[in-house]
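Trainee: Chain residues, written in single-letter form:
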Amino acid sequence: MRAEKISPKHLAALAAVFILGDSVIVLPPPDSGKFVFWGFLLSIAAAAAVFFAAVPVSSLIAGAETAGAVRRAVCVPLLAAAAFYSFYGAGLALKRYMGFVDRVLLPDTQRFFIAFIFIFLAAVLASRRKDVISKLSLIFIVISAITVVLFFALSVKDFRRENIAVYRLPEFSELIGEAIPCFFTVSLPAALIPVYTSLLYGETKKGASFAGLSAGLALVGLCLVECLLLFGAPLSANLDFPLASAVSTVTVGPLFTRMDGLVYCLFFGTALIKTSFCMKLCFYALSHLKNALRRNRGEQKK
Amino acid sequence: MPTQISDYENTALSLSLDENMQLFKNIFSKESVLRFKKIEVRESWRCDCAIFYLDGMVNVELLNESIVRPLLTVKQERTENRLAEYIVRQVLFASEAKVTSKVPDMIRAMLYGDTLLLIDGCAEAVTVNTKGWRTRGISEPDDEKVLQGPREGFDEAAMFNLAMIRRKLLTPDFCTEMMRIGRRSDTIVFICYLDSLVRKKTLDELKKRLYSLDTDGILDANYITERIRDHPFSLFKTTGSTERPDIVAARLLEGRIAVVVDGTPVVITLPYLFSENFQSDEDYYLSYFAASAGRVLRYLCFFLSVSIPAIFIAAATFHKELLPTSLALSVTQLRGGVPFPPFAECLLLILVFEILKETGVRMPQSLGHALSIVGGLVVGQAAVEARIISAPMLIVVALSGIAGLMVPRLKGAVFYLRLLFVVLSALFGLYGYIAGIALTLIHILDMRSFGTSCTVSLSKADFQSLKDTVWRAPWFTMRTRPLFNSNIIRSREKKPNEKNPY
Amino acid sequence: MKKILISIFVLMLTLLSGCRFTTGGAENDRRFIVAAVGFESDGALITVYAETIIINSETPENEPAPKLLKGSGATINEAFEEIEASLARPLMLEHCGVIAVGGGVTASWFDRICDYCLDDRRITLSSYMISCDSPEALLSETPESSVAAGYDIMGIIEQRSSSTGIFYDSRFFEIEGLREKGRSVFTLPFFALTGDGITLDGLSIYRDDRLTGRLSTDDAVLYSLMTGNFDRGTVRIGTDEYRIRLRSAEYDYTDSGENRLYLKLRLTGDSLDDTVCERLEQELDRLESRLRLTSGTDVVGFTDILSERHTDFDEKHGRDAAEFYKSSDFTVECLISGGI
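Protein chains in written order, with my numbering: chain C, 1 to 302; chain P, 1 to 502; chain D, 1 to 340.
Please keep in mind that the hints were generated in silico from the structure rather than gathered at the bench.
Be aware that a few hints might be false.
[Stated by the list, open to error] The calculated lysine-lysine pairs, modelled on BS3-like cross-linking and capped at a C-alpha distance of 30 Å, are:
#, chain 1, residue 1, chain 2, residue 2
1, P, K201, C, K130
2, C, K130, P, K207
3, P, K200, C, K5
4, D, K2, C, K290
5, D, K2, P, K208
6, D, K3, P, K207
[What the hints assert, rightly or not] Per the computed footprint, the stretches of chain C lying under chain P, defined by three or more beta-carbons under 8 Å from a beta-carbon of chain P, are:
#, segment
7, 95-109
8, 260-267
Beta carbons: idealized from backbone N, C-alpha and C, even for Gly.
Work the whole structure out from these sequences, hints included.
Mentor: Shown next, in the form of structure tokens:
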């Protein structure tokens, strides 16, 4: 059977939306300081490092089912880790988005039904063919990019340069302190992108994945910068959902005074695609793991 | 008692003319329009014949000229023993006459307007094409009118429809395969395609599904469509339909397959892409600027039609902050005194609008003015003044309804989606609406039509794939066919080594 | 079959969700729109004023009219509850455009007001914060150009910002951003009731969340120049007016020997020359001296700006910034920098 291929554009879009995921909901992280932007820049570098470190690992685990015993022994824990981390990623995206819905979007509605609808949708999307999620990402990344850039452009008149002005370089400990939350939010999930392409399509497609990763990080960076320029680092850290609050201050003339609706769509789409991505990856990782373990048992019986 | 043509599979003609005549009289014993006549050929062979036909189905003049006169005036000597073959080749003045020994074929031929010629001493019969049933004639389809371009439309005769398509595609590559579907209707169905362009897997799948149809009768293309389509419960179509030969020809040139059904002017085309719902027949006959504007407008109208009521309800009920202050004040003031919540008001208005729309389609023209007055004054004016409904909701629903008319191919889908989104908005505000949009989008992206994704244009997402989706690119850029099958001839253009003779 | 069962199950769950539309209590016309909120305190209690827009659903043909509602309590929530206790419909704060802080609001109450506005998502971050003597009197005033006094105030701020060049940076998120950054000084536009109705009458200076001083409109322009919150506008010096634009404001200090604060303003303007610059320097110096005298502390925010921009200042004088200010002289220099 010929392996299904994914086009580079789709992969890049999927990677970008995956990185946007729940990062746009929560960044800048709570309790961040005035060097959060520097921390974010460091986490971008870390994301690239994590990505390229994950590429050979993902090639390794993709062939686990048909590999020799030694390689399989190495791949089994890696597959388990991939399954666990992707499941954790799905849960985290769900939790963050539900937090947003519960506190901002529908504060008076029972959380169970909102969560049920979201999980149902994510499961439906994850259970469809592989090209559905990639096509959805392609459509959505265009909308997301336009939305983010548009809001940034409309907020320019309210930016305060001193909110992001640098009068001294951060110390190493300050930099690490700011980078760690960003690392766990945007950098570490980058490892899942090559794993996804390897397990689902049998190839890593480094170029397209990295392009998507870069685009996603650029958009996240733009959102972060917008929040910082509008509110400053301390207030942004104090807000539960800085980007949503930032967009609520954007006005275009007397008619478009609140454009929060667009950001609600953005959050929903990115969280949904990230959750489905992780669910699908978890399923495939577990499937590969099961096959590898079955083969192990078969060989042991012999 | 045999009820279907296939029940006569084991029946054979005898050598006695009288017995054969009795056989057909029995077969058509309840058929009051059956006509038969014995012809005694005395001149040279001394052989008796009999013709059987159904009155109203045949052209009597043609029958007389092609069968009766030649038989009665034949002078030449009979030179061979196979009488039926001899009569077909040397006696009859008919361009289409066949010798057959199968009784079901004879019955089919008679039912379709041919005349049956029985010959004494012969266990075979001759069927002669004398079709003379009336057709509607070529007219422009009501639902597919164009401002510019061909105005031909199919009628109910499959043969004439095939001829209209064939006139557009003067190539031996144009193939037709005939089959009959329907145990009692025995409807003729033609599968048409361009052999070098069609995807063989799609063709085989279609044939498989058509052959597996087991039904009494096929009276319209939709009888077939609903039975063979993918996603039978989906709101969106996965097979196309048209009454225009130019559209069928255009789709065949893209590598699609057309199914022509006798008895209906509607021709099925497949595979069907989602973007075709937003195409208008005249998009290809107007300039690409006008066509693209129209297309973008249709996409926008579809979105507005399903979304506006839902967004309004969400904004009015859950997300008050989304409305600008001045609009919020205006809406609040105008909604004052209305006893129904926005959801109920919206449902009521949607229902009234649909009733008015359906009534407008079905009522006699003489009542048109009265209905528009009733609709406008009663619903529009009086209900608002009586504060049964509010003006903003009326505007929202009216706009949504009118926008929905821009995409007639999605008529049913628009209605149900609008209702679904309204319900979701009423329950969960914008979250419910966005969830509904996401679910719809996932479904559309997942839909397939005979093995081809309905959103195949997004598979490559380059200019050539998207050139005929949201906009219509100029014809000089339409160099390749849509992405159904990478193995077919993608390029529409001539081979590079062909020289321009001018 | 499975799909149908799942669909029915989902439908049942959604119908059992206690959905809002059955109660009919959430729509816009079932709430009172609040155009502005005011806060005043006498120390122990906080009084909240809500300027609501009444649209009578029984007689909707009547024009909407503003009405001021009042409630008091030991907390802001209590005060709001007292207001809503007398209403048939809940308040809708999503369209609140102005947060008016009365002259009696103490520092601790100001902090609590800001916390409340930040935590309550209904009040938008882009609401304007203003200062006034009496929110009750101000918000009771008959609006002239819109449906509520609060919206009139919004319009005045926007119009004056563009005409005077002063950044009346008093949207709630801007004030809160400054406070979160550690800035002890910020200003709010001051509104007063005059014969012409609601008037923007300068700036109120707040230091450590406490009202410290007031500036007239002319002084507000000079103050804005000093703090760098000026774009382009008209500066009045005596009876003369000059159209200028502030290109940059540089802050520096010396603490070797005698303490000194330096402010360098780079300006452009058609009628700007050395004489005008000199006069402007004198006016700025005079204003700074007056403020220093009346308040006894840094009400311009020099030390905050220096702490931000000069790490060594923060290290050396971060803790005793107030003392440093008191013991330092102020020097301002206005330089011409190109044309408008």
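Trainee: Determine for every hint whether it applies to the structure shown.
Mentor: Structure-based check of all given hints:
Among the hinted pairs, P:K201 with C:K130 is consistent with the structure: their alpha-carbon atoms are about 21 Å apart, no more than 30 Å. A threshold of 30 Å between alpha carbons decides the hint, and for C:K130 with P:K207 the separation of about 28 Å falls inside it, so the pair holds. Taking the CA atoms of P:K200 and C:K5, the gap is near 22 Å; set against the 30 Å cutoff, the hint holds. Distance check on the hinted pair: D:K2 and C:K290 sit about 26 Å apart at the alpha-carbon level, within 30 Å; holds.
Straight-line distance between C-alpha atoms of D:K2 and P:K208 comes to about 26 Å, which keeps the hinted pair within the 30 Å bound. The hinted pair formed by D:K3 and P:K207 meets the criterion: a straight-line CA distance of about 28 Å does not exceed 30 Å. Proximity of the segment 95-109 of chain C to chain P, defined as three or more residues with a beta carbon under 8 Å from a beta carbon of that chain, is established by the 4 residues found. Using a Cβ-Cβ cut-off of 8 Å, 4 residues of the segment 260-267 of chain C lie near chain P, which meets the minimum of three, so the contact claim holds.
In terms of the numbered hints stated before, the structure departs from none.
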